[in-house]
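Residue numbers (the working numbering): 1 to 463.
These are calculated hints, taken from the structure and not from any lab test.
Heads up, a few of these hints could be off.
[Claimed, not checked] Straight-line C-alpha distance at most 30 Å; calculated DSSO-like pairs for lysine-lysine:
#1 Lys80 / Lys287
#2 Lys156 / Lys80
#3 Lys134 / Lys41
#4 Lys134 / Lys156
#5 Lys405 / Lys80
#6 Lys85 / Lys287
#7 Lys252 / Lys41
#8 Lys287 / Lys134
#9 Lys134 / Lys405
Note that the structure is a prediction, hence the values are computed from the model and not measured.
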Amino acid sequence: MLNPQQRYDLLIAGGGNAALCAAITAAEAGASVLVLETAPKPYRGGNSRHTRNFRCMHSGPQGVLTDAYSEDEYFDDLLKVTKGKTDEALARMTIHASEACYGWMEARGVRFQPSLSGTLSLSRTNAFFLGGGKALMNAYYRTAEALGVEIAYEAKVTHLEHDGQHIARVEAEIDGERAAFAPRAVVVASGGFQADLDWLAEAWGPAARNFLIRGTPYNRGVVLRDLLNQGVQTVGDPTQCHAVAIDGRAPKFDGGIVTRLDCVPFSIVVNKHGERFYDEGEDVWPKRYAIWGRLIANQPDQVGYAIIDRTSLRLFMPSVFPPVEADTIEGLGQQLSLPNVKLRETVDAFNAACGPGDFHPTELDGLSTTGLEPPKTNWARPIVEPPFYGYELRPGVTFTYLGLKVDARAQVQGPQRPVENLWAAGEIMAGSILGQGYLAGFGMTIGTVFGRIAGEEAAHYAC
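Could you put together the complete structure from these sequences and hints?
Following this line, the structure appears as structure tokens:
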């Protein structure tokens, strides 16, 4: 039973990867720690329970990671997806610190497995969690509880009272009852605002109401808005987010990573008018999958359709729902409610533009179209072998990038000065590094690195 009268050294708002990394680090430093997790216990872990891997710098083979992945190559990969919209100092610090995370995670119960095959083959850059994100979070919760960390579920932080210098009071609703705490230090790791559709619509306009939220429904930005309303410095664009193309049949909330569709590199993607609108083969999928949520969001009715034939069906991770199937392109168009004549024209034009060359599904093969706009620059093979398959694509938002401005110590920046006893980690501050775009596994890296920093700094301050 929680005692609001107890003066905890550290209160953590949030219950995902970043929050638990902070809790474990602080508890190991001798701090008394209280974690307030908005979700019920079966749904604890925020978006982290949907993850598969984290991206890790390493100078040589390490555990399940093969070869080497240098700081400069890692940073170059980040620059490609963010197009330079990143804080280089914070980004490089995060990348460099990621090398030590693998061993730290293993020592706290996390287990890894070799990378998956096909379009998720990342054996050199990403370490995959054995059992996925749910197993990762269960390991962290076991470790935290063994260290004496107190955890409250269905505990929604509603207000952090910022008196101009520090957080003097934290208000919450726990099991429907109001409670107030006066911790010595606070870490906010409560995610973005993507599950608040009204806020999304403020940023994106009415189209946002057609988005699917593949992440947790409990990240509604309550803590973020509360702090921004009190003048805490912000970073990031409210329209930027980690959004991927997911199956249009996915639930409105919490569909998770299994709803993602990885067929795009081997398909053509058309809008509701049967027209292509972007190069499906621009780069390997782990470096481009996160642009497709935004691309689909900019199409009429925020919908797209991936079209493949028999030869491509086994080249990507199996979909959670079976594709729509037909023996003809016209029949497929009818089932997908696409204009048959235009779809046939689009497929014929694409097929005619495909040239000779060797097809290599796991690497850039240069098998491109000629004289087609937009082009397809890799994996361009004619769609001619029945049966034909189609998937409806919708934007699936994982987390938003509008967040709190932090420094290299994870300390939150107030209107005039750093907030004396407030740190942030994870998605609530990821916009400091992710100005746009996304790199597979990098959100978990940010959460792990900054969670550890925030926990260490908060414990040092409080103890």
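Do the hints match the structure? See the list:
1. Lys80 / Lys287: Measuring from Cα to Cα gives roughly 8 Å; hence the hint holds.
2. Lys156 / Lys80: This hinted pair is violated, its Cα atoms lying about 37 Å apart.
3. Lys134 / Lys41: 12 Å, holds
4. Lys134 / Lys156: Within the cut-off at roughly 21 Å; holds.
5. Lys405 / Lys80: With a Cα-Cα distance of about 23 Å, the restraint between Lys405 and Lys80 holds, given a limit of 30 Å.
6. Lys85 / Lys287: 16 Å, holds
7. Lys252 / Lys41: With Cα atoms ~21 Å apart, Lys252 and Lys41 stay inside 30 Å; holds.
8. Lys287 / Lys134: Roughly 24 Å between the alpha carbons, so the hint for Lys287 and Lys134 holds.
9. Lys134 / Lys405: The hint holds at about 29 Å.
Of the numbered hints listed earlier, the single one contradicted by the structure is hint 2.
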